[in-house]
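Student: Letter by letter, the chains look like this.
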Amino acid sequence: MDLPTSVRLLHRRAGFGATAAEVAAGVQAGYEGTVDRLLNFSAVDAGANAVTDPQLLAPEYPGKDADQAARKAFRQQQAKEGMALGSWWLQRMVASTNPVVEKLALFWHGHFATSLQKVNAAALMYRQNQIFRTLGSGDFHALTSAVAKDPAMLIWLDAAQDRKAHPNENFARELMELFTLGIGNYTEADVKDAARAFTGWAYDRQKVAFAFAARQHDDGNKTVLGRTGNFNGDDIIALLVEEPASARFIAAKMFSHFARPITPDDPIAADLAHGFSADLDCGRLLRSIFLHPEFRTDATRTGLVKTPIEYVVGVSRLLQLPIDQRTGMALRGLGQVPFDPPNVGGWPQNLYWLSTASSMVRLQFAEMAVRATKVALPKNRAAAAEFLGVDGWSDGTAAALDDMTNNPQGLMVLALTAPEYVLA
Amino acid sequence: MITRRQFLIGGAASGVAAGAMTIERDPLVRLLRGRDSKALSANDGVLVLLTMYGGNDGLNTVVSYQDSAYQSGRGDLAFKPSEVIPIGGGLGLHGSLKELKGLWDHKQVAIVRGVGYPDPNRSHFRSMDIWQSASPQSAVSTGWLGRWLDKKGGDPLLAVSVGPTLPLALRGERTSGTAVPLGPFTVPGPPPLVQAFTDLQKPGHGLPPLGDLVAQSGANLLTASHTISSVVSGAKPANGNSLSAQLDLVSTLIKAKVPARIYSVSLPGFDTHTDEKATQARLLSELDAAVSGFFKGLAGDSHAGKVVLVAYSEFGRRVAANASGGTDHGTAGPVFVIGQSVKGGFLGDEPSLTALDPNGDLKSTVDFRSVYGAVSAHILGTDPEYKPLPGLF
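One line per chain: the protein sequences are S and B, in this order. Going by the numbering used here, the first residue of the first sequence is number 1, and it counts up by one from there. Going by the numbering used here, the first residue of the second sequence is number 425, and it counts up by one from there.
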């Protein structure tokens, strides 16, 4: 793969696409130099930081005896705050000058998928989101522990409800299946005993913090993945993240989202897991992905569909559009609203984003965006490819774009809905 | 004033304003929008698949309220005999299913008991994939209805899913169903743009495989909107995604004789590890009102007797409740099959609440694929992939 193509691919996957100037700078710096520059996790993000934080109140849930009016007021307040929260994050992505941090946060949001629908407190979702931003490129053990003990997850997977008498298996199961090991790497007996280890975990609503109810904790021996001991929840997390299956699962998942979908038994996952299991450093794992020989291939270049968030953020960055109600409508229509994943499995990939309905919404959004922009638009398909950071057009697309010569608006609508741009 | 059209097209000559209905009348665009699908014919059966995501608690939906093992296993979650709607055989419906009881009395509801599959998986995602692909042993990328679409030869409008994304059940190797959102369904934009957009949606012109699929979904949009946009032309942008609204759309499309033989609708939220009573009551009330309203609304339509709704979930829940007022992931559960052509009553044996599997879960008595077999043979008129469950129709 030639250098400009590699640089464009890297910018699309590590961020939201490259401008012509960024491609030129990348070619100058070389591929590894560009990886270094784009993966500077500690760089100050002046663009995103200029976005004002949303005004969120600490959730004051209506009590059991609250009247209808109080309940309604709470729902309305949370709905308003939820919109402000989603808008805030999208604005950060659009304004970001160091977008890999937001891309990783988005990845972890899909991995530790938690929804406002059940957590019902925008302030808590914001708090979880900051964990993804601050710890997302660091130690996977620290990240998993922080997310697990954070109020949003305690509420989302009912960990706060675990009692000694009849443990609730929800968190223990999803921790193994979705957050660390992956399906097939644990037994039902492991789930049951891990659930016992998490008994006593609680959520203190007054302090808005994790709490431990010692009297509800099961002090007996548990056997998880062949090891026996009087484990508590922290012990289980430590045990799981050190498992070779977990390293393969996380490596495969990150490769799947930043390169192309693979399963944990793919040799690429084994390659990546080798380094990742040594330090559990998520930022270094992402760097290894971008430096892996399988990244700079046509299979990777044509192996992902943009998620709706990537799509609308990419278009909004290019056309310098604000995040507003129309952005929200498009994301709802495409099926990916931030802070509202469909379930604890997060958003699936690729085919999930391709449907008649999504084709329609992409066209609607592209048409609206082109009407709204004040940016000077390219006048032919070669210039459009450069403007959008795509690698070129297929014969079919080229012919369709040529129908729109001398019509920059029409050309841009088509280019934004062309398969070449819809792919990531 | 510059209209949206003039702005976008830069003054291309035309006397029409932008808008779906206007575009529909343009013969050029009609032509470009793809072929007419064949309308639904009088004898065609229609399947409405209702997926209850999250693992509905079957034991608290069709309740063995007289069984002491139910009362002791469920503790506070158990319904008292006075709280359920008795339907015979020692079973009662969840108290929210009042309208369904009316349909049951008219012999239009079959309850298939203990439906599951061998070696049950307790992951939501794997188990849902198993139900939708009908492949418990190995993961496959096609759905049981997608494979039917493949056999029928390429019309995406034969299966419609309501909402932005398409469930696995409706994905085939070569043909996938159509996702129709609530609200308007039109190819937006003025005719020249629509024409160019049409030109864009041509798989096989040098695109990579995934790019071909992007183009294919665009081509399907053109085909589908040709048939559907005028049917829903008055629709307002959707607010929410209630089951009633989904089924209203299905009803509208059936009455308009859109060619779809299969519709997919869904109701999420059944993962009741905590506070199950309130959550399940709310969801089953929504289901009860939406489903009964759907059948009432169809009365008088020529296809009223041809429509069958099948409601299922990826698994039931454990017999023993947990300590948070909820239940954990289990195995077998009831499947509801509803419609005038259904032979109402119970099918399949109620699983024992005491002879459980090693995890404390129900042992299934009916393989879900036999329900699919009966539905395929009776409603879709096709040689089923699976041996049909006898007595359903």
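Bear in mind the hints are in silico, worked out from the structure with no lab data behind them. Given the structure is predicted, the values throughout are model-derived calculations rather than measurements. Using N, Cα and C, we set each Cβ at its ideal position, and we do this for glycine too. Please note: incorrect hints may appear among the correct ones.
[Said to hold, decoys possible] No more than 30 Å apart at the CA atoms, straight line, and that leaves these computed lysine-lysine pairs for DSS-like: (1) S:K164 - B:K504; (2) B:K531 - S:K64; (3) B:K531 - S:K72; (4) B:K701 - S:K149; (5) S:K207 - B:K701; (6) S:K64 - S:K80; (7) B:K522 - S:K118; (8) B:K531 - S:K118; (9) B:K531 - S:K164; (10) S:K192 - B:K522; (11) B:K522 - S:K164; (12) B:K701 - S:K72; (13) S:K118 - B:K660; (14) S:K64 - B:K504; (15) B:K531 - S:K192; (16) B:K531 - S:K80; (17) B:K660 - B:K531.
[Claimed, not checked] Cβ pair distances, simulated, as ranges: (18) S:V208 - B:S666: 29 to 37 Å; (19) S:H274 - B:S666: 23 to 31 Å; (20) S:E60 - B:G577: 31 to 39 Å; (21) S:D204 - B:K767: 50 to 58 Å; (22) S:A299 - B:A702: 32 to 40 Å; (23) S:E242 - B:G784: 28 to 36 Å; (24) S:E242 - B:G805: 27 to 35 Å; (25) S:G138 - B:P542: 39 to 47 Å; (26) S:E60 - B:E507: 43 to 51 Å.
Student: Which of the stated hints cannot be reconciled with the structure, identified by number in ascending sequence?
Tutor: Going through the list in order, the structure violates hints 2, 3, 8, 9, 10, 11, 15, 16, 17, 19, 20, 22, 24 and 26 and respects the others.
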